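So the protein sequences, as listed, match chains A and B.
For reference, each letter of the first sequence is one residue, going 1 to 284 in the numbering used here.
For reference, each letter of the second sequence is one residue, going 1001 to 1388 in the numbering used here.
These are calculated hints, taken from the structure and not from any lab test.
Keep in mind it's a predicted model, so treat the numbers as computed, not measured.
List of simulated lysine-lysine pairs, DSS-like, C-alpha gap at most 25 Å:
#, chain 1, residue 1, chain 2, residue 2
1, B, 1023, B, 1013
2, A, 227, A, 198
3, A, 227, A, 125
4, A, 90, B, 1288
5, A, 198, B, 1288
6, A, 171, A, 198
7, A, 125, B, 1288
8, B, 1288, A, 131
9, A, 131, A, 171
10, B, 1383, A, 173
11, A, 173, A, 131
12, A, 131, B, 1382
13, B, 1121, B, 1058
14, A, 90, A, 53
15, B, 1383, A, 131
Beyond 12 Å from chain B on every Cβ pair, some chain A residues (computed):
#, residue
16, 43
17, 50
18, 102
19, 159
20, 244
21, 272
If we take Cβ atoms under 7 Å as the criterion, some of the chain B residues that face chain A in the derived model are:
#, residue
22, 1201
23, 1271
24, 1275
25, 1278
26, 1279
27, 1280
28, 1282
In this text, a Cβ means the ideal position worked out from N, Cα and C, and glycines have one as well.
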Amino acid sequence: MVNEQLSQPAINVSPQLAREPGRPISRNENANHDLSVRVRDLNLWYGHNQALKNINIDIYQKNVTALIGPSGCGKSTFLRCLNRMNDLIKSVRIEGLVEMDGRDVNESRMDEVALRRRVGMVFQKPNPFPKSIYENIAYAPRMHDLVSRRADQDELVERALRDAGLWNEVKDKLQEPGTSLSGGQQQRLCIARAIAVKPDVILMDEPTSALDPISTATIEDLMDKLKQQFTIVTVTHNMQQAARVADYTAFFHLGELIEYNDTRMMFSNPHTKKAEDYITGRYG
Amino acid sequence: MSQSFDEITAQLKRRHRKSARLKWLSMGALILAAAFLVVFITDMLIKGLPAFQQAQIKVEVSYSEQASEIPLAALEEDVRSLVSRGFLRLIPGRMEDNPQLLGTSPMQWVLADAQVDQYLKGHHSSLGASERATVERLAEQGRAELMFNTFFFTNGDSKLPEYAGIAAAALGTVLTMIVTMLASFPVGVMTAIYLEEFAPDNRLTQIIEININNLAAVPSILFGLLGLAIYINFFGVPRSSPLVGGLTLALGTLPVIIIATRTALRSVPDSIRQAAFAVGCSRWQVVKDHVLPLSLPGILTGSIIGLAQAMGETAPLIIVGMVAFIPDISASFTDAATVMPAQIFTWASEPDRAFVEKTAGGILVLLAVLITLNASAVWLRKKFERRW
Chain A
1 MVNEQLSQPA INVSPQLARE PGRPISRNEN ANHDLSVRVR DLNLWYGHNQ
51 ALKNINIDIY QKNVTALIGP SGCGKSTFLR CLNRMNDLIK SVRIEGLVEM
101 DGRDVNESRM DEVALRRRVG MVFQKPNPFP KSIYENIAYA PRMHDLVSRR
151 ADQDELVERA LRDAGLWNEV KDKLQEPGTS LSGGQQQRLC IARAIAVKPD
201 VILMDEPTSA LDPISTATIE DLMDKLKQQF TIVTVTHNMQ QAARVADYTA
251 FFHLGELIEY NDTRMMFSNP HTKKAEDYIT GRYG
Chain B
1001 MSQSFDEITA QLKRRHRKSA RLKWLSMGAL ILAAAFLVVF ITDMLIKGLP
1051 AFQQAQIKVE VSYSEQASEI PLAALEEDVR SLVSRGFLRL IPGRMEDNPQ
1101 LLGTSPMQWV LADAQVDQYL KGHHSSLGAS ERATVERLAE QGRAELMFNT
1151 FFFTNGDSKL PEYAGIAAAA LGTVLTMIVT MLASFPVGVM TAIYLEEFAP
1201 DNRLTQIIEI NINNLAAVPS ILFGLLGLAI YINFFGVPRS SPLVGGLTLA
1251 LGTLPVIIIA TRTALRSVPD SIRQAAFAVG CSRWQVVKDH VLPLSLPGIL
1301 TGSIIGLAQA MGETAPLIIV GMVAFIPDIS ASFTDAATVM PAQIFTWASE
1351 PDRAFVEKTA GGILVLLAVL ITLNASAVWL RKKFERRW
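Let's have the full structure, built from the sequences with the hints guiding it.
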């Protein structure tokens, strides 16, 4: 099944691996494959409507994993399972395992606040708090008692803004409202806010869909840098974006995970017909 | 073949006429409402402004031995019936407090009887012909004048119109409103927060919600009955006191505050809550640090409007005994008191014509307080509104 022309030396397509649930069909052996989140037999219902069906996926540390698929395929729902944001929706029922650091995140002993401390999130529309730029970053670390002294707090704010590539643009106006920034800057502020609490995983729900192409490129570069420190899971409607930023790509369709593959393989030589049809633009 | 511009324009004429008609109709409604308001305010001003002036006359008061026994003896015979009995009553007490007055007979301005006041203001007066002549003579000599009526703002109620004032009622209103606010604001806001941010969406919550919405439409006199049954008969709160009045009015204010707070909470965009949850806020932190600061202007505005509504309430207070004759000013939550609308109600039912202007004057004071309250609501909204 490996196409001679498209296969690349470092990518190991292994039917054995593929048969193991949750593994990508092909793996780039040069990449980091330490497990970050292990999902097994995950099912989710909104009332009587099943939105996720038997999802098995291994998400690797310090990689960018992109979730793609047509609207309503469950990719955002899946993303929100990882930090239990679905708890906020009353009619949701979840079955299956979402394991992180050896613990099931849905077990009753797991405090969702502790989980969200380790799994940050960036939303589709930039949603900075209606507070100052400084306060947007400092609020969560202070709340989690990560900093107590004012100097530490200042340093942490600078660190987070630098990591988010925003420091040079805002260092002179830290006390101005976060919403006074442009859309792209606001989104980077939200990223800075997420990384300020030093999470392990950052979830991004279509982080660039409300942004112009230049801001989008900035965010994509940022994701590439951030993956050295964090595991990033991103939902995107833009397949070029997935191809550009992601190490692994998962294709969802009607609540099912159809194909999970190395990004280059996914876009050059998809393993399933549905993924191929979607990627080549036959539907979606 | 598509239509030409002329054909389309011809069809549009009818539609344009219709929208013009609607515009004039709605403007007419506005003008009518404005006209009513102007007539009402003008009438109140014409009737009420004279209440802020009261007739005084300059007479010789002889503080003799006899006057300390029979106050009328202090005055010359022709002006005896023109001076307020309220002044005469005070003479013995004043002489006791200031013994040096004995034997002196200064000329001084004293409060005139209400009939003199009405006569000078050109209203109907029950003064006899000789009394009228005396008043005319005094006026010619510059010894009878309309002066600013300080009594209206410093006295409690009185059966003598010239002595009746709004101070006791105003203080009663302040005390009652303090109780109302302390009772209804925290309970109302916390209830709204629970219903909006914490409550599960089940049958019980829905029933509670429907009942709260209905509560806002319950005739206020029923709250008075409830106050009578629970606070006075069951808990033994003193009757007629600002405490029981305030607690009773709080029943009526509560649904207003709950509904206003819920609306304000609901207007906070969900994206803010999501952002807060995503950085690891607990539910209470989301509310306290993010939702409440954003909804504060709305909550304050709603609460102040609820308070203003309570301030104009009379019916429930009749039931708990706050519509009463209160001549003394008492700054106590448990003493008998009255409130401004109740005072207006009492004056309006007085047969003496001199009370008509008191009634209108009381309304003016009440209106001024209400406008101040509403203006402060606007100011608070502006102050706390975040423009980002």
